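Let chain A serve as the given structure and place chain B on it in line with the hints.
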Amino acid sequence: MQKMMTLISNVLRGSVSRNAASVVVSSRSYADFTPEATFDIKKVDLHRLEEGPPLTSTLTREDGLKYYRTMQTIRRMELKADQLYKQKIIRGFCHLYDGQEACAVGIEGGITLSDHLITAYRAHGYTLTRGGTVREIMAELTGRREGIAKGKGGSMHMYTKNFYGGNGIVGAQVPLGAGVALACKYLGTDQLCVSLYGDGAANQGQIFETYNMASLWKLPIIFICENNQYGMGTSVERASASTEYYKRGDFIPGLRVDGMDVLCVREATKFAADHCRSGKGPILMELQTYRYHGHSMSDPGVSYRTREEIQEVRSKSDPISMLKDRMLSNNMASVEELKEIDIEVRKEIEDAAQFATTDPEPPLDDLCSHIYANEKSFEVRGATPWTKLTSHS
Amino acid sequence: MAASARLLFRGAGLKAYTANVNSGAQSSFGTTLLRLSPNCSSQTKTQIKHASHFTYHPDPVPTMYGPTTKMNLFQSVTSALDNTLASDPTAVIFGEDVAFGGVFRCTVGLRDKYGKDRVFNTPLCEQGIVGFGIGAAAAGATAIAEIQFADYIYPAFDQIVNEAAKYRYRSGNLFDCGNLTIRAPWGCVGHGSLYHSQSPEAFFAHCPGIKIVIPRGPVQCKGLLLSCIEDHNPCIFFEPKILYRAAVEQVPTEAYTIPLSQAEVLQEGSDVTLVAWGTQIHVLREVVSMAQEKLGVSCELIDLQTILPWDTETVCKSVAKTGRLLISHEAPVTGGFAAEISSTVQTPVHTLNQTDSNLSTMAKTRELCKDIRDKIVDQHKAGMGYRTIGQQLGEKATTVGAIIRKWKKFKKTVNLPQSGAPCKFSPRGASVIMRKVRDQPRTIHRTWSVT
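Going line by line, the protein sequences match chains A and B. Residue numbers are given in our numbering: position 260 of the first sequence equals residue 262, and the series is strictly consecutive. Residue numbers are given in our numbering: position 85 of the second sequence equals residue 97, and the series is strictly consecutive.
Worth flagging that the hints you see were computed from the coordinates, not collected in a lab. Note that the structure is predicted; figures quoted are calculated from it, not measured. All C-beta atoms in this analysis are idealised placements derived from N, C-alpha and C, irrespective of residue type, glycine included. Worth double-checking, as some hints may not be accurate.
If we take Cβ atoms under 8 angstroms as the criterion, some of the chain A residues that face chain B in the derived model are [stated by the list, open to error]:
{"hint": "1", "residue": "G156"}
{"hint": "2", "residue": "V172"}
{"hint": "3", "residue": "G202"}
{"hint": "4", "residue": "A203"}
{"hint": "5", "residue": "V304"}
{"hint": "6", "residue": "R383"}
Bound-form chain A, shown alone (with noise of 0.2 angstroms):
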């Protein structure tokens, strides 16, 4: 009691200096904060291409916040969702995106929400950028009724509108981005698909399969391989006898970029984007980044890399640490302000997994739905042959 006094105490006086502060924000930002700032960013590799990106960026004031915003929030969302791992309430797979935030949110900069996108199981972080709420998203990895596929996908099959998801087989995503993409050019909207997949499935056939369709068929389809290094536990000079990922195309054009600046990513897919819509065909970006998490939740992630490696990145190149640094140096905002939105984000997380934690299960009727669509429904059996479940469609 006494404890929980002094929290509500803290709480409030915490409040009354924020709101205090944020009056002194308010009329700080009119005045103080630089509206927009441009930073150099790192050259980018190219492979069959006579230019790349530019090799610098504008940032605005909005901007640097809303990516701070967006990917502090998938950090804190990941790493909630380990402790609600360890703590069993979130079961089955659970594979997490800490430390690659820039990649999603670079190429959410770089395209709109009526592209479309998919991408493998490390899916998490596409489902927040792509218009999926915390909410939905925690409820999801618990298998609660709100959960964003209605709790019968988990952590790998999370969809939203233009987010086909969130695949669990390897590499078998990339061909139906190829569709995606094939769509978006019969239509005649100017709308593209990308497609991603990790340094691991890029020596997966289908993907090579769909390097020559899309080529041949002129799709406006961006091609993006996340490379975290590590394919599981095999790291990408075991796995494979080329790593230069962004060759792999072979006749597509390519792209290295540094996948831990959001700034590079989000200069890389403006151009792709452009590329693609110019009708020039499909392109491939490698994104070089890396996870801080092992490859899901039973892989403790040191077996076959080491500590300090984990930890060099973390402190030379962390995503967040990066923008925050580029931001306080040019007076775009101030350290309060963005503590501020820290603290919000918190509270986001918190609420969310408070109620994935108590949102009820799905229905067992809906357990066997939506096996088939537009069928009458029919009865599917359970666990036992004297338990049967409708289907409903």
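Same frame as chain A, but now just chain B:
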């Protein structure tokens, strides 16, 4: 995926077994089975708990294979592979992540012991892995490929069905990939969901040319795996992943084989035959003891072990004895392997014996063999009457008469198809002929001349 069971009552005709178990069971056995079934309320929790429960029943310690040591399923796989690599210098093991020991620890220590050129990782490409394995096997190496989960085997489906299974046949036995064995973790594990729980044996059962084997425990696993490796046909060996750690038995350390295509009768009984493979054996073991205890029903439990080619004789003999069959497996019901077993068990005998069907088993047109016909004609030439001939040879006088009339008209004793207007067959004769031709479309008219 819950176990699907098919309950069959022999002799009850086709209708009985498709009826709901609820209503179709006229015998008391069926209805009491219903009472036995657990409280199937629609509460999620009860259903979940029921579906994932089983107790592992270890095999007795085998005495004929030498000294034994305690091993679980993945250790018995390691032991089998160890024996193979030691005795066969051409043996290689490859797959995703096998070098460090595999995601289920089936290959722990083998790379250190035998070298990195014999135990090596492949990139993430199942079609490539199996294709590569077929080539290596065809060139003479004993290739043991691992597919990380049976759910991922589908990119390799074409290679297995179109290449591996047909290699020997299409080359007229010049080439084969019999040295290939594909291992994959198989079956439900509780948290596997769509892509880490599948049992794809039914997909491959439809493909002649390969063998499919599924063990129920460590002793069987090691023996069957070594048999698969030795077997001169490409084999797919599915290992129940839920048993990797849960199944512990005393397993012989030396190499030994358990014959393929031989089902094992684990428990003799007289009232009903239960057939299963893999994890379900242990579920059914419990069923057997529950049935005995609560219903006084004596069950005969058979472990099929080899799915393709399966031991039809053991199962059919057992069903002939008990009159009832129940098959339990984890895969979906429609087109699952239980469908194949149940349809084979119910096939009438003369269709099963199609290979040795000659016209003596035909319905009405029971042609007499040529010798008897010639004898009839000779006796007729000698002057005997129809009835006398019939009495002597044990045939009806009308039959004798027909044969002699035919001989008089056509000067032959055999029923060769004649050119010209078609002969008249009785409707029954016609339907028998149609059935034979439908079943064996390459029947030529010369076959009909055999008497």
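Cross-check of the supplied hints:
no. : hint : result
1   : G156 : holds (6 angstroms)
2   : V172 : holds (6 angstroms)
3   : G202 : holds (5 angstroms)
4   : A203 : holds (6 angstroms)
5   : V304 : violated (13 angstroms)
6   : R383 : holds (6 angstroms)
When held up to the earlier numbered hints, the structure conflicts with hint 5 and nothing else.
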